[in-house]
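There are 2 protein chains.
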Amino acid sequence: MVQAKPKHQEPRAQGPHHFADRVCARVLAADTRVCVGLDPDLARFPEELLAAHQLAGATPAPGDADYCRRAAACIVEFNHRVLEATAEYAAACKPQCAYYEAYGPAGMAALQQTALLIREAGLPVVMDGKRNDIASTAARYAQAYLGADSGPRAAAFPADALTINAYLGSDGVTPFLDCCREFGRGLFILCRTSNPSGGEIQEFPAAGPGALARRVAGLIHGWGRDLVGEHGYSAVGAVVAATRPEDVAELRALMPRALFLMPGFGAQGGGAGDVRDALDARGLGALVAASRSVLYPVPPATPAADYFDAVASAARDMRDAINAVLPRA
Amino acid sequence: MVQAKPKHQEPRAQGPHHFADRVCARVLAADTRVCVGLDPDLARFPEELLAAHQLAGATPAPGDADYCRRAAACIVEFNHRVLEATAEYAAACKPQCAYYEAYGPAGMAALQQTALLIREAGLPVVMDGKRNDIASTAARYAQAYLGADSGPRAAAFPADALTINAYLGSDGVTPFLDCCREFGRGLFILCRTSNPSGGEIQEFPAAGPGALARRVAGLIHGWGRDLVGEHGYSAVGAVVAATRPEDVAELRALMPRALFLMPGFGAQGGGAGDVRDALDARGLGALVAASRSVLYPVPPATPAADYFDAVASAARDMRDAINAVLPRA
Chain A
3 MVQAKPKHQE
13 PRAQGPHHFA
23 DRVCARVLAA
33 DTRVCVGLDP
43 DLARFPEELL
53 AAHQLAGATP
63 APGDADYCRR
73 AAACIVEFNH
83 RVLEATAEYA
93 AACKPQCAYY
103 EAYGPAGMAA
113 LQQTALLIRE
123 AGLPVVMDGK
133 RNDIASTAAR
143 YAQAYLGADS
153 GPRAAAFPAD
163 ALTINAYLGS
173 DGVTPFLDCC
183 REFGRGLFIL
193 CRTSNPSGGE
203 IQEFPAAGPG
213 ALARRVAGLI
223 HGWGRDLVGE
233 HGYSAVGAVV
243 AATRPEDVAE
253 LRALMPRALF
263 LMPGFGAQGG
273 GAGDVRDALD
283 ARGLGALVAA
293 SRSVLYPVPP
303 ATPAADYFDA
313 VASAARDMRD
323 AINAVLPRA
Chain B
3 MVQAKPKHQE
13 PRAQGPHHFA
23 DRVCARVLAA
33 DTRVCVGLDP
43 DLARFPEELL
53 AAHQLAGATP
63 APGDADYCRR
73 AAACIVEFNH
83 RVLEATAEYA
93 AACKPQCAYY
103 EAYGPAGMAA
113 LQQTALLIRE
123 AGLPVVMDGK
133 RNDIASTAAR
143 YAQAYLGADS
153 GPRAAAFPAD
163 ALTINAYLGS
173 DGVTPFLDCC
183 REFGRGLFIL
193 CRTSNPSGGE
203 IQEFPAAGPG
213 ALARRVAGLI
223 HGWGRDLVGE
233 HGYSAVGAVV
243 AATRPEDVAE
253 LRALMPRALF
263 LMPGFGAQGG
273 GAGDVRDALD
283 ARGLGALVAA
293 SRSVLYPVPP
303 ATPAADYFDA
313 VASAARDMRD
323 AINAVLPRA
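Each protein sequence line maps, in turn, to chains A and B. For the first sequence, my numbering gives the first residue as 3, with consecutive numbering after it. For the second sequence, my numbering gives the first residue as 3, with consecutive numbering after it.
A couple of the hints might just be wrong.
Label-pair distances were calculated between CB atoms; the ranges are [unchecked claim]:
1. D228/B x P247/A: 46 to 52 Å
2. A54/B x G153/A: 22 to 28 Å
3. A58/A x A60/B: 40 to 46 Å
Don't read these hints as lab results, they were simulated from the structure. Cβ atoms here follow ideal geometry from the backbone N, Cα and C, with glycine treated the same way.
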C-alpha cells in the first residue's frame with residue numbers, strides 16, 4: 003500500500019538531517035500532510051473488535067494485569083487496522099503515550115508494538131510523550147525513545163521523533179538534540195498549544211510579540227539551526243496549534259526551518275485554512291495531526307469492515323481538505 | 003522499621019486534604035524531610051547485585067527483552083534494599099520514571115513494583131514523571147498515576163503524587179486536580195528547576211518579580227487554594243530548586259500553602275541552608291530530594307552489605323543536616 007520506504011531501513015550515514023528529510027520525502031511522494039494520531043480509546047472502539055478480545059461490555063479494570071493484557075492486544079489490533087486503512091493517506095503516525103501508559107506495562111508493550119507496526123507501514127513514528135527533565139534524566143528519556151536501532155544505546159520504544167516540553171531550558175533539550183544528531187531522529191517542541199488555556203503561560207506576559215511562545219520559538223530555531231536537512235527543514239520542529247491561525251504566520255517567521263506539528267485539526271476545531279501559513283510553495287513544512295476525527299468517525303456499533311472503511315475515508319478526506327488549500331492551489 | 007502507616011490503607015473519606023496531611027504527619031512522626039529519589043543507574047549498582055542478576059560485565063541491551071527483564075529484576079532488588087536501608091530516615095520516595103522507561107515494558111513493570119514496595123514501607127510515592135498534555139489526554143496521565151486504588155478508575159502505576167509540567171495551562175492541570183480531590187492524591191508542579199539553564203524560560207522575560215516562574219507560582223497557589231489540608235498545606239505543591247536559595251523565600255511568599263519538592267540537594271550542589279526558607283516553624287513545608295548522593299555513596303566494588311550500610315548513612319546524614327538548620331534549631 004505504501005511505496006516509500008523510510009531511509010532508516012537502509013544503510014545510511016548518521017547525518018544530522020535525517021528526520022526532516024524523511025518526512026519531506028514522504029510528504030512529496032504521497033502528497034499528504036496528514037499525521038494520524040493513535041490515541042486508543044476503548045470506549046469508542048468498534049464493538050466487534052472489543053468482543054473478539056473478550057472486552058465487550060467489560061468494566062474497565064486498569065489495575066488488573068489480565069484486563070490490561072486483553073486491552074493491550076485489542077489496542078494493537080485496532081492500530082493495525084487503522085494503519086491498513088490510513089497508511090496511504092498518511093505522512094506520519096503519532097501514538098499518544100498517555101493512552102498506553104493508562105494500561106500499565108502491558109499498555110507500554112502495546113506502544114512498542116504500535117511503533118513497529120508504523121515502521122512496517124513505511125511511516126515515521128512521532129511519539130507524543132511531551133517528555134522533559136534535567137540533563138542526566140532527559141538523556142534517559144532521549145535514549146528510551148530516540149536511541150539507536152540496536153546495541154547498548156538502543157531505544158526501548160523506537161521512534162523517529164518525540165514531542166518534548168522545553169520548560170526546563172537548553173540543558174534539558176540538549177540530550178534530545180544529541181539523538182537527533184547521532185541517530186537521525188527528530189523533535190517537536192511544544193511552542194503554542196491548541197487547548198483553550200494554553201495562553202496562560204505561553205502568552206505570558208501578554209499576547210503578541212513579547213510573549214513566551216515567541217521566546218520559545220526563538221530557542222527552537224536556535225536549537226535546530228545546525229540540524230537542517232536537504233529540504234531546508236530542521237530535525238527540530240515545533241508544536242503549533244492549528245486552532246490559532248493568527249499565530250501561525252508569526253511563528254513561521256520566527257522558525258523558518260522548523261517542521262510544524264499541528265494538533266487541533268478536526269475534533270478540536272481547526273480547519274485546513276488554518277494551516278496554510280505553515281506550508282511553503284512545495285507544500286512542505288507541516289504535519290497536521292488528527293486522532294479522534296479519523297479514529298472514531300462512526301458509532302461503535304458499526305460492523306468492523308464498514309468501520310475501518312469510514313476511518314480510511316476520514317483520513318483521505320482530511321488529506322484532500324488540506325491539499326485543497328496548498329499554496330499551489 | 004517504619005511505624006506510621008499511610009492513611010490510604012485505611013478506610014477513609016475521599017476528602018480534599020489527604021496527600022499533604024499524610025506527608026506532614028510522616029514528617030512530624032519521623033522528624034525527617036528527606037525524599038529518597040529512586041533513579042536506578044545500573045552502571046553504579048554494587049557489582050555483587052549485578053552478578054546475582056547475570057548483569058556483571060554485561061553490555062547494556064535496552065532493545066533486548068530478555069536483558070530488560072534481568073535489568074528490571076535487578077532494579078527492583080536494588081530499590082528494595084535501598085528502602086530497607088533508608089525508610090526510617092525518609093518522609094517520601096520519588097521514583098524517576100525516565101530510568102524505568104529506558105528498559106521498556108519490563109522497566110515499567112519495575113516502576114509498578116517499586117511503587118508497591120514504597121507503600122509497603124509506609125511511605126508516600128511521589129512519581130517523578132513531569133507529565134503534561136491537553137485536557138482529555140492529561141486525564142489519561144492523571145488516571146495512570148493518580149487514579150483510584152481499584153475499580154474502573156484505578157491507577158496503572160499507583161502513586162500518591164506526581165510531578166507535572168504546567169506549560170499547557172489550567173486545562174492541562176485540571177484533570178490532575180480532579181484526582182487530588184477525588185482520590186486524595188497530590189501534585190508537584192514545576193516552578194523553578196535546579197538545572198543551569200532553567201532560567202532561559204522560567205526567568206523570562208527577566209529575572210525577578212516579573213518572571214514566568216512567579217507567574218507559575220501564582221497559578222500553582224490558585225490551583226491549590228481549595229485543596230488545603232489540616233496542617234495548612236495544599237495537595238498542590240511546587241518543584242522549587244534547592245540550588246537557588248535567593249528564589250526560595252520569594253516563591254514561598256507567593257505559594258504559602260504549597261509543599262515544596264526541592265531537588266538539587268547533594269550531587270547538584272544544594273545544601274541544607276538553601277532549604278531553610280521553605281520550612282515553617284514546625285519544620286513542615288518541604289520535601290528535600292536527593293538520589294545520586296544517597297543511592298551511590300561508595301564505589302560499585304564495595305560488598306553489598308557495606309554498600310547498603312553506606313546508603314543508610316547517607317540518608318541519615320542528610321536528614322540530620324537538614325534538621326540542624328530547622329527554624330527551631
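To see whether the hints hold, each was checked on the structure:
1. D228/B x P247/A: 46 to 52 Å: 36 Å, violated
2. A54/B x G153/A: 22 to 28 Å: Hint holds: Cβ distance 25 Å, inside 22 to 28 Å.
3. A58/A x A60/B: 40 to 46 Å: Given about 45 Å between the Cβ atoms, the range holds.
In summary, the structure is inconsistent with hint 1 from the numbered list given earlier, while agreeing with all the others.
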